[in-house]
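Participant: All chains should be built: construct the whole structure from the sequences, respecting the hints.
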Amino acid sequence: MSESNSTSSEPLDLIRLCLDEQVFVKLRGSREMVGKLHAYDMHCNMVLSDATETIFYTEQDSPEIKSRTKKSDMVFIRGDSVILVSDAANV
Amino acid sequence: MLFFSFFKTLVDQEITVELKNDVEIKGTLKSIDQYLNLKLDNISANTTKYPHLIAVRNLFIRGSNIRYIHINPSLVDTNLLQDASRREAMASAGDKIGGK
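Top to bottom, those sequences are chains A and B.
Residue numbers for the first sequence follow UniProt numbering, so the first one is 1 and each next one is one higher.
Residue numbers for the second sequence follow UniProt numbering, so the first one is 1 and each next one is one higher.
Think of the hints as simulated: they come from the structure by calculation, not from any bench.
Heads up, a few of these hints could be off.
[Claimed, not checked] Just the calculated beta-carbon pair ranges, DEER-fashion:
(1) B:T9 to A:S30: 29 to 39 Å
(2) A:V91 to B:S92: 21 to 31 Å
(3) B:A55 to A:E10: 47 to 57 Å
(4) A:S86 to B:M90: 41 to 51 Å
(5) B:T48 to A:E10: 14 to 24 Å
(6) B:F4 to A:T69: 24 to 34 Å
(7) A:E64 to B:D77: 39 to 49 Å
(8) A:E64 to B:S31: 37 to 47 Å
(9) A:S9 to B:P51: 45 to 55 Å
(10) B:H52 to A:S86: 29 to 39 Å
(11) B:R57 to A:E10: 42 to 52 Å
(12) B:K26 to A:P63: 34 to 44 Å
[Stated by the list, open to error] What the simulated footprint calls covered on chain A by chain B, stretch by stretch (three residues with Cβ under 8 Å from a Cβ of chain B suffice, anywhere in the stretch; the number is not a length):
(13) 37–47
(14) 76–88
[To be verified] For the chain B half of the interface with chain A, some residues (derived, Cβ under 10 Å), not all of them:
(15) I15
(16) L36
(17) N58
(18) S64
(19) R67
(20) Y68
(21) I69
(22) S74
(23) L81
Every residue gets a Cβ at the ideal spot worked out from N, C-alpha and C, and that includes glycine.
Facilitator: In structure tokens:
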């Protein structure tokens, strides 16, 4: 692997290609976030803008899965909550 | 180190921290370290739900308890962040080649 090879295929390179794009992030605690990716690092810490968080939950005695959403103009996500990151166009 | 530097630029600004136990705390960022531990001043939290924090002005948060940090978008230069991310990605690829 050479340094000039910008198409090298480390897993994190997939996230690099999503910079300035809409991404879908699945998080711990039945949460998902969609927003525009502005920064990330090796821990999968991220900064998203115009993000919409969806939280899935069930109420007692009901198998129905409900969801609620929250919006944030600019949010930092700590990497230890991140399960997966994908181009939002794939979802 | 990217986010450490990023948060250093936000010192003395107001941020809202959401913890993994769902507590949300708004306050002025006073300091930050490499683990993203925070020191917040003049905090306000949802005290009807969490009355523990009603008398607290100033606190330390261990970075590992943080889920999100909400930031005022006017304080963030997104182009600068993206460039810094690409530079950091390059640098860490370089480290691996160098055997670090």
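Participant: Does each hint hold? Answer for all of them.
Facilitator: Hint check results:
1. As the Cβ distance of T9 of chain B to S30 of chain A is approximately 33 Å, the hint placing it in 29 to 39 Å holds.
2. The hinted window of 21 to 31 Å between V91 of chain A and S92 of chain B holds, with their beta carbons roughly 27 Å apart.
3. A hinted range of 47 to 57 Å holds for the C-beta pair A55 of chain B and E10 of chain A, which are about 48 Å apart.
4. About 23 Å separates the C-beta atoms of S86 of chain A and M90 of chain B, a value inconsistent with the hinted range of 41 to 51 Å.
5. For T48 of chain B paired with E10 of chain A, a C-beta distance near 47 Å fails the hint of 14 to 24 Å.
6. About 30 Å separates the C-beta atoms of F4 of chain B and T69 of chain A, a value consistent with the hinted range of 24 to 34 Å.
7. Look at E64 of chain A against D77 of chain B: about 43 Å separates their beta carbons, and that is inside 39 to 49 Å.
8. For E64 of chain A paired with S31 of chain B, a C-beta distance near 45 Å keeps the hint of 37 to 47 Å intact.
9. For S9 of chain A and P51 of chain B, the hinted distance range of 45 to 55 Å is satisfied, since their beta carbons lie about 51 Å from each other.
10. At about 38 Å, the CB distance of H52 of chain B to S86 of chain A agrees with the hint of 29 to 39 Å.
11. Take R57 of chain B and E10 of chain A: their Cβ atoms lie about 45 Å apart, and the range 42 to 52 Å holds.
12. Take K26 of chain B and P63 of chain A: their Cβ atoms lie about 36 Å apart, and the range 34 to 44 Å holds.
13. Judged by the Cβ-Cβ criterion of 8 Å, the segment 37–47 of chain A is covered by chain B as claimed, because 7 of its residues qualify and three suffice.
14. Residue count for the segment 76–88 of chain A with a Cβ under 8 Å from a Cβ of chain B: 5. That meets the three needed, and the coverage hint holds.
15. For I15 of chain B, the interface hint holds, the least distance from its beta-carbon to any beta-carbon of chain A being 9 Å, beneath 10 Å.
16. Proximity of L36 of chain B to chain A holds as hinted, the smallest CB-CB distance being about 7 Å (cut-off 10 Å).
17. Residue-level restraint check for N58 of chain B is violated (minimum Cβ-Cβ distance to chain A is 21 Å; threshold 10 Å).
18. Taken as an interface hint, S64 of chain B checks out: its beta carbon lies about 7 Å from the nearest beta carbon of chain A, inside 10 Å.
19. Interface restraint check for R67 of chain B: the shortest CB-CB distance to chain A comes to about 6 Å, inside 10 Å, so the restraint holds.
20. Taken as an interface hint, Y68 of chain B checks out: its beta carbon lies about 5 Å from the nearest beta carbon of chain A, inside 10 Å.
21. For I69 of chain B, the suggested interface contact is upheld, since its CB lies about 4 Å from the closest CB of chain A, less than 10 Å.
22. A least Cβ separation of about 9 Å between S74 of chain B and chain A falls short of the 10 Å threshold, and the interface hint therefore holds.
23. With 10 Å as the threshold, the beta carbon of L81 of chain B comes within range of chain A, its nearest partner Cβ sitting at about 4 Å, so the hint holds.
Of the numbered hints stated above, those contradicted by the structure are hints 4, 5, 17, listed in ascending order.
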